[in-house]
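Hey, can you work out the whole structure from these sequences and the hints?
If you're matching them up, the sequences are chains A and B in order.
Residue 1 is where the first sequence starts when you use my numbering, and the numbers rise one by one after that.
Residue 491 is where the second sequence starts when you use my numbering, and the numbers rise one by one after that.
Bear in mind the hints are in silico, worked out from the structure with no lab data behind them.
Even for Gly, the Cβ is constructed at its ideal location relative to N, Cα and C.
Mixed in with the good hints, there may be bad ones.
[What the hints assert, rightly or not] Stretches of chain B that chain A covers, calculated by requiring three or more beta carbons in the stretch to come under 8 Å of a beta carbon on chain A:
no.: 1; segment: 516-527
no.: 2; segment: 530-541
no.: 3; segment: 703-709
no.: 4; segment: 805-816
[To be verified] Derived contacts from chain A toward chain B, CB cut-off under 7 Å, selection only:
no.: 5; residue: 36
no.: 6; residue: 217
no.: 7; residue: 448
[Unchecked claim] So, partial list: chain A residues that the calculated Cβ filter (under 8 Å) puts toward chain B:
no.: 8; residue: 16
no.: 9; residue: 27
no.: 10; residue: 31
no.: 11; residue: 32
no.: 12; residue: 33
no.: 13; residue: 34
no.: 14; residue: 216
no.: 15; residue: 234
no.: 16; residue: 241
no.: 17; residue: 243
no.: 18; residue: 244
no.: 19; residue: 245
no.: 20; residue: 485
2 protein chains.
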Amino acid sequence: MTAYDDLMAFQRQTEALAQVAGRLGWDQETMMPRGAAEQRSEELAAMEGVLHARRTDPRIADWLAASDPADPVGRAQVRLIRRSYDRAVKVPARLAEEIARVTSVAQGIWAGARAADDVAAFLPVLTEVIGLRREEAACLARGGDPYDALIDDYEPGMTAVDIGALFDRMRPRLVALRAAVLASPHQPQPLEGHFGTEAQLRLARDLATAFGYNWDNGRLDLAVHPFSSGSGADVRITTRVVETDPFNCLYSTIHEVGHACYELGIDPDYALTPLGSGVSMGVHESQSRIYENQLGRGRAFTGWLHGQMRDRFGDFGIASPDAFHGTVNRVRPGYIRTEADEVQYNLHIMMRFDLERALMRGDLAPRDLEAAWNDRFLADFGVAVDRPSHGMLQDVHWSVGLFGYFPTYALGNIYAGCLYQALRAAVPDLDAQLAQGDTSGATGWLRENLQRHGGLYAPREVVTRACGFAPTEGPLLDYLEAKFGEIYRL
Amino acid sequence: MTAYDDLMAFQRQTEALAQVAGRLGWDQETMMPRGAAEQRSEELAAMEGVLHARRTDPRIADWLAASDPADPVGRAQVRLIRRSYDRAVKVPARLAEEIARVTSVAQGIWAGARAADDVAAFLPVLTEVIGLRREEAACLARGGDPYDALIDDYEPGMTAVDIGALFDRMRPRLVALRAAVLASPHQPQPLEGHFGTEAQLRLARDLATAFGYNWDNGRLDLAVHPFSSGSGADVRITTRVVETDPFNCLYSTIHEVGHACYELGIDPDYALTPLGSGVSMGVHESQSRIYENQLGRGRAFTGWLHGQMRDRFGDFGIASPDAFHGTVNRVRPGYIRTEADEVQYNLHIMMRFDLERALMRGDLAPRDLEAAWNDRFLADFGVAVDRPSHGMLQDVHWSVGLFGYFPTYALGNIYAGCLYQALRAAVPDLDAQLAQGDTSGATGWLRENLQRHGGLYAPREVVTRACGFAPTEGPLLDYLEAKFGEIYRL
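The structure is reproduced here in structure tokens:
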């Protein structure tokens, strides 16, 4: 046994334990009886204690010092383990525990505050969370931009300056497109009617199958919020059902299938190693978004879906596939990020990016956040926020300390735009396939060119390799302008 | 913080991690996609590694040496932790790992051998498992009877000599009762017909509710083998459905509800401590058996159940409650322990006890086990075993190294017999309650007098306290002779 072998054996057990902790999270949202919540939090805390001890185990430093694998896979493993170890030991155990404790309390307080539209009830704990994460960021940044240190946790190598520049280039075109779309006289028809839960779930399962989800290594359950969970050979997804809005269930299922297929598409040789899961949140989101939007909401696939829905739900008032395509892609004013369409979604992200960047730098005080949010929303969306649950209280992220995470959603959209451009060039009859409900050309290309690499390459590198060019905002914006230009006859 | 506080804080995390490992087992049998089996075994092995390291952590010895709590609860905690630690450190890590490795392989080999009725395919790995468990038992026994050391793991304080004496007293009366019942001209009618899965499961849920199962802290799912899983605030049960035999689903549900209610009935102050789970396998089985048999298969409750079944399944060919009571308690010759009725069940256990005792002492070679099994079965049941899957290959236990476990099933029956005698004296209108489907008098008495104590008292002690007398075989045998004498008009 070399030091590298010892390191990888130790790491493999840590990865297995991390999968266990993840499975507990899945159970909590899907299966756990409600009276078990308090005990579960102790179970999760005990698992986190075990994982933290392993991730900061001093033997890792010794093994790393003595490891020098010659092959690219081994070098990538060492690089990721070193990165994770360096981050883990920079944060004092006391601070890590305090963050875990406060954020677990804060989430409950946030949920109550959102339900009551009561910013004041949330502000004290939000202030505490912000303080703790700034302290952590300072430990990690060691003199650099603390917000960058947080971003790096979700999107390694990405910086606030780079993201800011990207967003600055995107914003004017998105604001203009949004305005033109909303002003167009050619508004698609809304979907109306009642769509039974069982039929929605059957169709959702069929869509998951159509997008290549492997049921031998996964399952679909109901949860309050759709999510994908797990790596390796066990990647489960959840969905939810709103009987007046089947697109909610169907497209959140496709979205989660994108996440799950990324995990399941990784080279099985990497399972239970640092290479064995998605390389970043942005690249992860690129897969969920391209499955959901560029493929699932494209004209070719919605034509097939229209037939499926008519077969299952009968006549639901939208007779032509073209009209149905408009309905699927309907753009309406709205306050809520998670309900936003492709045109407006990134605008929601950009304002969060600027606000949390200012919070982390200390340029914005938590008590001023609500006013800053509402001002910015009015500027970008032309509408005044009518209540805090439609404003700064709408997202869970900040309550659990997720600063630096929001921009990865927009990065995912940008990467998806690039990948879609490359995919169309690589698979000339893509639309003909999708029009038959056959996604295998698209998903096979994504698996081969991106998904299978797992953590082998850095995020931008793996997208660049797949596309043949470095990711930029252009392809996404071109795609959005063309697609919505056609639907809204701009 | 005193040493005792440190010890209990450490132990609490260990108990929480043990709950997590148990939940993985539940998931594996109920929810896990089949392609995840190999990864799951690594996850479980990693959890076992963590638990073993904690259970043998040398700090436990220091804390124990410095702990001297004055109250009975603290003293019981220290006693159980010391017992567990002493056992854990007596077994070399190499041996513990080897047992885990071999038994996990052996279970698969056993399943294949049983399906193929091929003893020879099982014998090599069984021999290996027996050798390893004898080695472990020798480590634990330190000069005492090695089989006792294994029994002590499941039924602390019980010995093979005591069990042997109990069984010797029981056997003649059970053999005689069995012969008389099978020879009686008054044989109950068999249940025939088709009983839909959904209706069976609805009734199973209602039975679980009737027996006081708290759905806020549990759930019911399907699995190949019914089981109960978890302690504290999250105790889940499973059942199975055979559409031609609804009693399979209904009574296995009541049985598992008995196990689950024991766990859920323990004083919540003991949760995630050594006192917070059932004190022994025998006492656990006493609860599942008294729920299933003395209560669930008693004349009063079957009268109520008869009405429930007629309401749900219509006329199923058994019109009178008395006839239905006979059908529920029908005694038929059979090879299989898990299908055995109350009269024959303990005879199955007694032969396994004698055989595994001889195996552990080295008085019986594994290669001679099949002949010894078949000889003994013929002697006790008057029937020749027709194939190994009806004989020594029928149970999973030995393949996974569970030697010393079988007798706890019979001890459970004995304890249940004693508890039922005491319960009848304490709740004079018990039958009137049960005839209404109301088990609250019975389950309330069991919770108050036995379940709530968890691990506070030793197994025999807690039964003695509940009953007011030391447990013996008499009440069980008297009950069986009276009940089956009436049904079969002996």
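Taking the hints in turn, this is what the structure says about them:
Evaluation of the coverage hint for the segment 516-527 of chain B: fulfilled, as 7 residues show C-beta separations to chain A shorter than 8 Å, against a requirement of three. Three residues within the 8 Å Cβ limit are the bar, and the segment 530-541 of chain B against chain A gives 8, so the coverage statement holds. With 6 residues having a Cβ less than 8 Å from any Cβ of chain A, the segment 703-709 of chain B passes the three-residue criterion, so the hint holds. For the segment 805-816 of chain B, the stated coverage by chain A is not satisfied: 0 residues place a CB nearer than 8 Å to a CB of that chain, which falls below the threshold of 3.
A least Cβ separation of about 4 Å between residue 36 of chain A and chain B falls short of the 7 Å threshold, and the interface hint therefore holds. The criterion of a C-beta within 7 Å of any C-beta in chain B is met by residue 217 of chain A, whose closest approach is roughly 4 Å, and the hint holds. Checking residue 448 of chain A against chain B: minimum C-beta separation of about 21 Å lies over 7 Å; hint violated. Of the supplied interface hints, the one on residue 16 of chain A holds, with its beta-carbon coming within about 4 Å of a beta-carbon of chain B, less than 8 Å.
Hint status for residue 27 of chain A: holds, given a least beta-carbon distance of 7 Å to chain B, under 8 Å. Taken as an interface hint, residue 31 of chain A checks out: its beta carbon lies about 7 Å from the nearest beta carbon of chain B, inside 8 Å. For residue 32 of chain A, the shortest C-beta to C-beta distance to chain B is roughly 7 Å, which falls under 8 Å, so the interface hint holds. Hint status for residue 33 of chain A relative to chain B: holds, with the closest Cβ pair at about 5 Å, below 8 Å.
The beta carbon of residue 34 of chain A comes within 6 Å of a beta carbon in chain B, closer than 8 Å, and the hint placing it at the interface holds. Checking residue 216 of chain A against chain B by beta carbon gives a least distance of about 4 Å; that is within 8 Å, so the hint holds. For the restraint placing residue 234 of chain A at the interface with chain B, the shortest Cβ-Cβ distance is roughly 4 Å, inside the 8 Å limit, so the hint holds. Nearest Cβ of chain B to the Cβ of residue 241 of chain A: about 20 Å, over the 8 Å cut. The hint is violated.
With a least beta-carbon distance of about 22 Å to chain B, the hint placing residue 243 of chain A at the interface is violated under the 8 Å criterion. The interface hint given for residue 244 of chain A is broken, as the beta carbon of that residue sits about 28 Å from the closest beta carbon of chain B, more than 8 Å. A distance limit of 8 Å between C-beta atoms decides the matter here; for residue 245 of chain A the minimum to chain B is near 28 Å, and the interface restraint is violated. Violation of the interface hint for residue 485 of chain A is found here, the shortest Cβ-Cβ separation to chain B being roughly 43 Å, above the 8 Å cut-off.
The structure is inconsistent with the numbered hints 4, 7, 16, 17, 18, 19, 20, although it conforms to all the rest.
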